[in-house]
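Novice: Listed below are the residues making up each chain.
Number of protein chains: 2
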Amino acid sequence: MKTRLFTPGPVEIPPRILRALSQVPPHHRTDAFRAALQRVSQALREVHQTEGQVLLLGASGTGAMEAAVVNLLAPGARALAVVGGKFGERWANLLEAYGVPHAVLPVEWGSAVDPEAVARHLDQDAGVTTVFATQSETSTGTLNDVEALAKVVRARDRRLVVDAVTGVGVHPLPQDAWGVDVVVCGSQKGLMIPPGIATVSLAPWALAAVEGEKLPRFYFDLRRALKTAPAGETPWTPPVSLVLALEEALTMILREEGLANVHARHRRLAHATRAGARSLGFELFSSSPSHAVTALLPPEGVRAADVIRRLREVHGMVVAGGQDQLKGRIFRIGHMGAYDLADIHAVLGALDEIVAHFGRPAGADPVRAASEAWAAA
Amino acid sequence: MKTRLFTPGPVEIPPRILRALSQVPPHHRTDAFRAALQRVSQALREVHQTEGQVLLLGASGTGAMEAAVVNLLAPGARALAVVGGKFGERWANLLEAYGVPHAVLPVEWGSAVDPEAVARHLDQDAGVTTVFATQSETSTGTLNDVEALAKVVRARDRRLVVDAVTGVGVHPLPQDAWGVDVVVCGSQKGLMIPPGIATVSLAPWALAAVEGEKLPRFYFDLRRALKTAPAGETPWTPPVSLVLALEEALTMILREEGLANVHARHRRLAHATRAGARSLGFELFSSSPSHAVTALLPPEGVRAADVIRRLREVHGMVVAGGQDQLKGRIFRIGHMGAYDLADIHAVLGALDEIVAHFGRPAGADPVRAASEAWAAA
Chain A
28 MKTRLFTPGP
38 VEIPPRILRA
48 LSQVPPHHRT
58 DAFRAALQRV
68 SQALREVHQT
78 EGQVLLLGAS
88 GTGAMEAAVV
98 NLLAPGARAL
108 AVVGGKFGER
118 WANLLEAYGV
128 PHAVLPVEWG
138 SAVDPEAVAR
148 HLDQDAGVTT
158 VFATQSETST
168 GTLNDVEALA
178 KVVRARDRRL
188 VVDAVTGVGV
198 HPLPQDAWGV
208 DVVVCGSQKG
218 LMIPPGIATV
228 SLAPWALAAV
238 EGEKLPRFYF
248 DLRRALKTAP
258 AGETPWTPPV
268 SLVLALEEAL
278 TMILREEGLA
288 NVHARHRRLA
298 HATRAGARSL
308 GFELFSSSPS
318 HAVTALLPPE
328 GVRAADVIRR
338 LREVHGMVVA
348 GGQDQLKGRI
358 FRIGHMGAYD
368 LADIHAVLGA
378 LDEIVAHFGR
388 PAGADPVRAA
398 SEAWAAA
Chain B
28 MKTRLFTPGP
38 VEIPPRILRA
48 LSQVPPHHRT
58 DAFRAALQRV
68 SQALREVHQT
78 EGQVLLLGAS
88 GTGAMEAAVV
98 NLLAPGARAL
108 AVVGGKFGER
118 WANLLEAYGV
128 PHAVLPVEWG
138 SAVDPEAVAR
148 HLDQDAGVTT
158 VFATQSETST
168 GTLNDVEALA
178 KVVRARDRRL
188 VVDAVTGVGV
198 HPLPQDAWGV
208 DVVVCGSQKG
218 LMIPPGIATV
228 SLAPWALAAV
238 EGEKLPRFYF
248 DLRRALKTAP
258 AGETPWTPPV
268 SLVLALEEAL
278 TMILREEGLA
288 NVHARHRRLA
298 HATRAGARSL
308 GFELFSSSPS
318 HAVTALLPPE
328 GVRAADVIRR
338 LREVHGMVVA
348 GGQDQLKGRI
358 FRIGHMGAYD
368 LADIHAVLGA
378 LDEIVAHFGR
388 PAGADPVRAA
398 SEAWAAA
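Chains as they are written, first to last, in our numbering: chain A, 28 to 404; chain B, 28 to 404.
This is chain A alone, in the form it adopts within the complex (with noise of 0.2 Å):
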């Protein structure tokens, strides 16, 4: 039996992606690699469409979490973190680590944010500087409006820092156009490499904001990234083969396939797994369900733990469970990176198996409901 991951990231990985990784790596300090490190800022400014920089840092996604709260903030700068999930909580945990002064703007896991209630909270906080939002939520698979959040932030002068991990690659977020200061994100999701590259992209207008003091930093200082990287040099020595990894990852999504395509297909992607999983009785736990990770509810008498077991030991998947308050309430199934058709029908295939055992819905046939949702998205 295969294993095959359908994990909300790290997500499989395509061959030629592993080949890159094991090449023999250049010295960091040589002109093969800093031309290939500004050959993926080049590539990463595409993905997040933007004419600033993207610094890529040896680090996880929460790394480069890390990196925006120390170097935006100065000390005793008040913060916003809109938090819906697990990854919202990171924001507030971040602020907390370093005695950051913030407010939090809760938001029911599973449900969206509400852009008004951040403006509504910025109108009477007028201390905040900074909002911390999330794009996707991965931990409830749900997706924010973050076009509509950077009109509200952008238009009472503050800044948005938003963590796009689950988002980038999946979700569109034209980061200029849109008016997002900063943009995190992390390899290991739509970028389909494995973990350990962490990026922090900055919109032109927030190339400053790094500047003066800030709370205390060092491996994560940003002044440091920003003047090293336009000779394709990084301040600390940087995860190079994951560096040649995501050079081939990033021509993939921008020269072979194309932004927009990719998009295009988590968008059909998502839209087959929602179809097909409810044709079996399944509920979506998120009004707002994020295009990289389907967060379900199983039907009434089958258990979540059961699900999940059942597609690993049975049928040699990997999905994830529910965290905290959802833990065995659902289990979430990632979709984001190097998936097809295939790949959404093979695992509607096994729970289309599972859910025998427990009472098929008369009529359910979850293959032909994707395909038919995977048309029509």
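Some clues are possibly wrong.
Since the list gives no way to pick one copy over another, a pair counts as held whenever it fits inside one copy or between any two copies.
Said to hold, decoys possible - When the alpha-carbon atoms are kept at most 30 Å apart in a straight line, the in silico DSSO-like pairs for lysine-lysine are as follows:
{"#": "1", "residue 1": "Lys113", "residue 2": "Lys241"}
{"#": "2", "residue 1": "Lys241", "residue 2": "Lys178"}
{"#": "3", "residue 1": "Lys354", "residue 2": "Lys254"}
{"#": "4", "residue 1": "Lys29", "residue 2": "Lys178"}
{"#": "5", "residue 1": "Lys354", "residue 2": "Lys178"}
{"#": "6", "residue 1": "Lys254", "residue 2": "Lys29"}
{"#": "7", "residue 1": "Lys29", "residue 2": "Lys354"}
{"#": "8", "residue 1": "Lys254", "residue 2": "Lys113"}
Don't read these hints as lab results, they were simulated from the structure.
Keeping the supplied structure of chain A fixed, place chain B upon it in accordance with the hints.
Specialist: Structure of chain B alone, referenced to chain A:
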């Protein structure tokens, strides 16, 4: 022409490690990966010769240095940085970035620190809680006597943190026996894998030192890492592929060659390099040379930059130049990791070819000199 790295990290990576890197990585929240991480942690404990815990971070060695600073020092606690090169300076820069009150003990570049000077400083500067030092100072190719340092620091009841980034897998550093509280390391040096993993090794008696109120920390918060480590997990998504590569490297070091043999091989290779280079008229820059990297002053009339260029252009060999005050004065040959006598013969053959243009010393036979030193060491 082949490219050969003789850089002081990243180093040449054995093909079998590249192969380990390119396998389909398991998801990090699976039993297969947890078991691998537990094996790697146990093997790292053997490398560090500690009964404590070795924590893995997704970062470069600098990230591990930062982790040591922010997890050991309470706000306002005073520190001492021993600075005899670029990496000693990095400790001071880190302390500066976090606003830590600290003293610097300057050591002439190329000389080892005198442990008695540390003792005297500690006797006069009662507020110092923690000493930050370097085992192998990569910028100058200098070895410090960590055993003697630990003795004077422990006798005065202070903590010792050692940057052993180019020490681990090269020089012995039995952490518990010598009494070193914390040792930090990176993956792309003696551990022979690409950059992207850093480690912090806490001696058993230092495990509790990370608790309590410390400098601001989140991504590098070792309390979280200690909590998840026994289960084979990390607080944030780890660089999964690099962990698999590290397991292969540790198998080579511990189960095949044996740690003592690895140390002995580095000692012999370093002696061989020094003897061969000296026979050609090069001089050692350091009066206490490291076995990881040999820093050389070219003979009269030969420019370091010309040696570096010709090594690269004619011989395909990448070495490092000097940094800062040593820029243009020295070049550095790395021989840590998967290097053997044949590699040293090769780089000496190249130096011989280069020196021939400027007048080779009469009777110089660097290859034979190297072999003899290798046999005697």
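Novice: With reference to the structure, classify each hint as holding or not holding.
Specialist: How the hints compare with the structure:
1. Lys113 <-> Lys241: both (26 Å within a copy, 25 Å between copies)
2. Lys241 <-> Lys178: within (26 Å within a copy, 38 Å between copies)
3. Lys354 <-> Lys254: between (44 Å within a copy, 20 Å between copies)
4. Lys29 <-> Lys178: Neither way: Lys29 and Lys178 sit 46 Å apart in one copy and 54 Å across, limit 30 Å.
5. Lys354 <-> Lys178: Neither, since 34 Å and 50 Å both go past 30 Å.
6. Lys254 <-> Lys29: Neither: 46 Å inside a chain and 32 Å across chains, both beyond 30 Å.
7. Lys29 <-> Lys354: within (27 Å within a copy, 54 Å between copies)
8. Lys254 <-> Lys113: The answer is between: 19 Å across copies meets 30 Å, while 33 Å in one copy does not.
Hint violations for this structure: numbers 4, 5, 6, all remaining hints satisfied.
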